[in-house]
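Chains A, B and C are the protein sequences, given in the same order.
With the working numbering applied, the first sequence corresponds to residues 16 to 998, in that order.
With the working numbering applied, the second sequence corresponds to residues 86 to 251, in that order.
With the working numbering applied, the third sequence corresponds to residues 14 to 293, in that order.
For the record, the hints were derived by calculation from the structure and aren't laboratory data.
Cβ coordinates follow ideal geometry from the N, Cα and C atoms, glycine included.
Hints should not be assumed to be uniformly reliable.
Claimed, not checked - Here are the computed lysine-lysine pairs in the DSSO-like style, where the Cα-Cα straight-line distance is at most 27 Å:
id	chain 1	residue 1	chain 2	residue 2
1	A	K46	B	K157
2	B	K166	A	K46
3	A	K322	A	K190
4	C	K57	A	K779
5	C	K202	A	K662
6	A	K789	A	K779
7	B	K88	C	K57
8	A	K46	B	K242
9	A	K418	A	K190
10	A	K737	A	K635
11	A	K662	A	K46
12	A	K785	C	K202
13	C	K66	B	K88
14	B	K166	B	K88
15	A	K635	A	K418
16	A	K227	A	K522
17	A	K418	A	K182
18	A	K522	B	K166
19	A	K227	A	K46
20	A	K182	A	K97
21	C	K202	B	K157
22	A	K703	A	K779
What the hints assert, rightly or not - Pair ranges (Cβ atoms, derived):
id	chain 1	residue 1	chain 2	residue 2	range
23	A	A573	B	E208	30 to 40 Å
24	C	A40	B	D115	38 to 48 Å
25	B	E208	C	A78	36 to 46 Å
26	C	A78	B	D118	51 to 61 Å
27	A	L708	B	D115	30 to 40 Å
28	A	G445	B	G155	56 to 66 Å
29	C	R75	B	R201	25 to 35 Å
30	C	S152	B	S207	25 to 35 Å
31	C	A40	A	P158	48 to 58 Å
32	A	P653	B	R87	55 to 65 Å
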Amino acid sequence: MSAGRSVGRDVPRVDGLDKVTGAAQYTADLKFPRLLHVAVVRSPHPHARVLDVRTGLASRAPGVRAVASGRDFPLHTGIYLKDQTVFATDRVRFVGDPVAAVAAESPEAAAEAALLVEVDYEPLPPIFDVEEGMAEGAPLVHPDLGRYEVVPWIQPKAGTNVCNHLKIRKGDYEKALSGSWRVFQNTFRVPQVQHVPLEPHVSVARVDLSGKVEVHTSAQSPFTVRHLLAACFGLSHGDVRVHVPYVGGGFGGKAGINLEPIAVALAMRCRGRWVRLMVDRHEEFFATVVRQGLSATLVTGVDRSGKVQAQKMHYLWNCGAYGGYGVNIVRAAGYTCGGAYEFPNVWGDSIGVYTNRPVGSAYRGFGMQEIHWALEQQMDRVALEMGIDPVEFRLMNCLGAGKSTVTGQVLDEHAGRVDLCIRRVAEEIGLDPARERRPYRGKGIACAVKAPAMPNDAASSVVLKFAEDATLEILIAGIDYGQGLMTVAAQFAAEALDIPLETIRVKGCPDTDLSPYDWQTVASRQTWATGNAVLRAASEIGRQLCETSAEVLSVPAADLTLRGGHVVHEPTGRSIPLTRLVMGYQFPDGHAIGGPVAATTSYLPEGLLFLDPETSQSAKPVAKWTFGAQAVEISVDPETGQVTVEKVAACYDVGRVVNPGLIRGQTYGGIVQGIGTGTMEELVLDPKTGRALNASLMDYKIPSTEDVPTVMTVDFVETPQKDGPMGARGIGEHTMIPTPAAIANALFDACGVRISEMPITAEKVWRALKEKEKVRCRTPLPCRPLAAGPFSAESLARHLSSLPVPARTVALLTGIPRGNGSVDSVTVKWAHGRTRALVGTLRSGDVREVAYQPDVAALTGLGPGLTPTGDDLLVGLAAMASRLGDAGLVDPRALRAYGGSLGGLASASTTPAALALLGNAANGLYPSVLAAVVESLGNPDVQPETLLERAARLAAVGAHSGADLLAGALALALGIVFPEEAR
Amino acid sequence: MRKTITLEVNGASETEEVEVGMTLLRFLRDRLDLTGTKEGCNEGECGSCMVLLDGRPVNSCLVLAVEAGGGKVTTIEGLSKDGALHPIQEAFLAHASIQCGFCTPGMVVTAVALLRQNPDPSEEEIRSALAGNLCRCTGYRQIVDAVRGAAAAMRAKAAAPLAVSA
Amino acid sequence: MRSDLDYLVPSSVEEAVALRAASAGAAYLLGGTDLLPQMRAGRKAPGQLIDLKRIPPLREIRETADGGLSIGAAVVMADVEVHPAVLGRFPLLAECIRTVGAWPLRQRATLGGNVCNASPAADAAVALLALDAAFHVVSAEGRRSIPAGSFFRGPGQTALLPGELLTDLVLPGGAAGFRGRYLRLSRRKGMDLATVGVLVGKSSGTAPDRWRIGLAAVAPTPLRVAAAEERLEAKGAAAAEEAAALAVAACRPISDLRGSAEYRRDMVGVLVRRGVVELG
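Chain A on its own, in the form it takes in the complex (with noise of 0.2 Å):
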């Protein structure tokens, strides 16, 4: 798209200058008078009730001017989900949780006066993991969930951790999953993260002597902790002030409120003085808030084609102790579970579950990257499974004008194009398939899609004025925390007044008591919804100097135009500099007219519809989506498992690139988080105690300069938002979401090991690499496809009437041990009953690779040995259900199923040896001594005592591994031939 006068040109930002001469003000560089320090008590434990808290001596302490706790402040504060008081009362939640707080003189004195707070604890038992908050009679983190105040789009079960629950329910899924042709079923994990802003939190706060409340805080959203604060203080919204200067950024961790509260209740008890409280890095990393972690299933069921016809989704987050913001993002990630794709059929649960760990809330991207890793992850391995190159199966299978996300949303052909995204990121980096492979170097791509998560009614407003030599002053209460939305307002009225971008100023740190309301800096939306608001104003604004123009020409209003700082009237050329207008105009009589011209003005997104309560189906959910994709080339070091990704391509179709050189930022920022989150993030806890155990930059690593890639390329398509100022859609988050999917992608297109937990680190690479060699290296037994051979079901019967078998098979195939109550009869009983349970599933001929995976898991490592017994029969079962397939007397569609289901199985289930033997099966190899046993079976051309000889040298391997196989070859044979007898 052509550039305009200002918009779309690589025009400076405009807060520039300040950041690069050191000028700019952020929280902590701001001055006060006899400034107050404050520190915070702590719990050390994840789970407790508080008994006590004791803060006589604290408070008596050198220094100390006031002493906060738990029991005066009650009201409960959230967002969302009003689950979190400002000080625990009744019981921490976790490692972290604020007990009480001292501001003192000094910081020293304050510190140590907050070890004079005496609290005594309870301990209980702690959960960490989902799996954990999910089970039943599982400790309550929240036993007054039911008590808590929730806006009616929020959904959490009393009684339960589950603080949200979203459900999609779109067409028949069960049906569709049953007429599948594959089913593929996986599941992937996220850990929860840290943001790790540069600036780490700072809020400073004062009470005056009337009660007045004025904060000065890094934060994303002024108008939401005036908004917050006033809830859980009891207040007034107007006696309420919050100023946010610069902002070291945010990604989401700055969003809701964090310390605010707790300098509040400090400035509360300290009337008059200026109250600071500043988390160090340390405590930045849990007790600020944190990204939450993800449990992601996912079931695929695809037709011959390849075409996605149903998709289940079952989503478990991590919360963290408290879910007020945290339960939006298990909101948002139902919405948009289905991804960039479109699922006709579509069962999906998004379920949000507290644990005793750190606070889960907003991160760049809102839960879309941890989707994206499994959703993106799962796209590639159905495709490559399915024998379709990865592109081609994403192209096919990606959402588009008329296609229908999984609400139902019908998209139209201003929404923005995935596929050209697609298209342009495999091409720059070279994805076609029939590209040269070198080993250890891989290529893979991941797509991504998000809309703005915020409540239906989230607006934004500004004010444009002017001073007295026509300089324009933008007042924005969108926070430019580095995104660019100063210079982005600026641009816009630029363009649309067509004045110099150099008479511009944007106020951009604002003030509650003085800026115009935004909701939040947040969800990628201020471009756009500053941006419309801007434009709006700059109409009004155009308007009053044309109205006061047109009277001073004498001429019709509508053949005014504003250009180059004038009004014009093009048919005469007569024009009036707006420095005669802004104030009003005055003739020469003295008299004046207009007047000091100003507008406010606001922007609401229009036409957002409630989502069903029960399915989710909604015509119009989100205000956009913004699509992209991301392609990389990686390498691995074969023996240490690094991963190097050396180049990254990115395009997203932005709607209109208002700002080349931002965006660009944007997107380059957004990759090298993406490889941070990727390759080496992760908040570890320590299992027992559940403190951070890598809470610092020392043990907590983000990329640096030397972890980016060398190229990295960026691209944009702009199909033009409908609603969107000049067109432009948000971007801001979406630079992150495919970045660590791609690269697992990449990964297994490099080596073939896939890592389904983040991040990708090397010692994870080379674990995944070191079970794949031992895979390959210990085959126990040489392995050939099945030759064809005659065959007839009578020679099958006779075969199987005829033939004489050892004990063990004979045990196995009744079911009835020899030596009742051994170790051995206990793996003979379970063997028969889900090896029976796998012939009747096959004879019915069922095409869903899950109706297979109960029994295959069970069976799976089943036993003792080099190959356990249950591994055996799968083998055995899946050559002679090869040969049964040839002749027509097994489906061969049931027959790939279950070969499917043997292929998905993790290297944990079992031993390397036998997994090497059932990846053989999965892809039709089978041990040669089986082999010569199946393709007698039913052979009317071998001879009684060539099956008995082979069946004998069958048997003979191994302790049992030659009894077992025959038995799983024989179990099936003989439930087909003698369904009556099998049953």
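Start from chain A and add chains B and C according to the hints.
Quick look at chains B and C alone, frame taken from chain A:
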């Protein structure tokens, strides 16, 4: 315990009494109100507090104010002169290398030290020299570009008089 | 950090030693890049800091009579890594130092302070071990020289006696000429502690070639693996696998946030073999 120190900061002589335990970072920020130098970690891991001490880039959180006594300190505030920016500052603006701006002062100071020592660094040398300055916003690409751009501009400026005389 | 903390600036070694002898709670201060964070975290709480950085002889790099080099304890690492004599005759030291911290950190951190901190992951210490450095120390009782090989006793533990001051680190002339590689794994590429560090050095001036194998972050102290060196000296680079196995046998890694013991052990083998093969 308190000690009186005298040192030169951005060309001005300063004499102050300080606690021995006070870091140079706290001294600059709290005593001299030079808040352009940022505190990001207080453990030498992030580089936000980088200043030049006797010409060398140092993490001012790892230096005691008393250790800097008698020395010369340059902070971000000392790099521009009466509104005229240092070429590296100019380059940071021109290459869109700034986002939240919190790492920017430290990043610029390290870059100044690098270009004094090595006027024509390779991309690899720039990345290596800046590895102790963390940035969470930019992905570093435009920062590295700015340092290369500034190096070229500074070399061109240094070479210009010679070209005229030749 | 103690509120009564004092700061003393001796101008000679003798004065420093006398100040230290006069107060049991004093600590010597070099670059401070390890000591100050330890004090802030409450792990160390000296009552006086005796700053050694203004003692001229401690800030020098001097040639020694045997063709070796004496590096004053207060010389910052950034100066060592670019010193012509170091680059020319003892490049292994520069190779290791370049991986310590970040470039600005090495403008402040001294070689002397780094060895006294005795981190198991001390990259520079591996080179000093490999080059048979001698650590010269002085106290009120007199002077002595501690071989690098017996200096490191455990994490944070050295052979220094209370009050002893490290004046300089002496690289013997006989150790000149070793070239090689310091192969290092860390969680990220820029500025990180080593998960595993392996130094492989070789000197071809003599027959047979002399070899050096040093390890960092895989034992309570930095290590040198004499058995692997001997095997290489006997059999040459063809014994790379054997040398790797000997190094694996010699290391005693722990599992921590940076890596498991199992991974570290395997990486010692991989990196030793790679280094030997590369130097051939």
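Hints versus structure:
no. : hint                        : result
1   : A:K46 x B:K157              : 25 Å, holds
2   : B:K166 x A:K46              : 24 Å, holds
3   : A:K322 x A:K190             : 15 Å, holds
4   : C:K57 x A:K779              : 36 Å, violated
5   : C:K202 x A:K662             : 16 Å, holds
6   : A:K789 x A:K779             : 15 Å, holds
7   : B:K88 x C:K57               : 21 Å, holds
8   : A:K46 x B:K242              : 40 Å, violated
9   : A:K418 x A:K190             : 21 Å, holds
10  : A:K737 x A:K635             : 14 Å, holds
11  : A:K662 x A:K46              : 45 Å, violated
12  : A:K785 x C:K202             : 23 Å, holds
13  : C:K66 x B:K88               : 18 Å, holds
14  : B:K166 x B:K88              : 31 Å, violated
15  : A:K635 x A:K418             : 14 Å, holds
16  : A:K227 x A:K522             : 24 Å, holds
17  : A:K418 x A:K182             : 21 Å, holds
18  : A:K522 x B:K166             : 26 Å, holds
19  : A:K227 x A:K46              : 20 Å, holds
20  : A:K182 x A:K97              : 22 Å, holds
21  : C:K202 x B:K157             : 33 Å, violated
22  : A:K703 x A:K779             : 23 Å, holds
23  : A:A573 x B:E208: 30 to 40 Å : 56 Å, violated
24  : C:A40 x B:D115: 38 to 48 Å  : 25 Å, violated
25  : B:E208 x C:A78: 36 to 46 Å  : 44 Å, holds
26  : C:A78 x B:D118: 51 to 61 Å  : 54 Å, holds
27  : A:L708 x B:D115: 30 to 40 Å : 32 Å, holds
28  : A:G445 x B:G155: 56 to 66 Å : 59 Å, holds
29  : C:R75 x B:R201: 25 to 35 Å  : 27 Å, holds
30  : C:S152 x B:S207: 25 to 35 Å : 46 Å, violated
31  : C:A40 x A:P158: 48 to 58 Å  : 51 Å, holds
32  : A:P653 x B:R87: 55 to 65 Å  : 59 Å, holds
Violated hints for the displayed structure, listed by number in ascending order: 4, 8, 11, 14, 21, 23, 24, 30.
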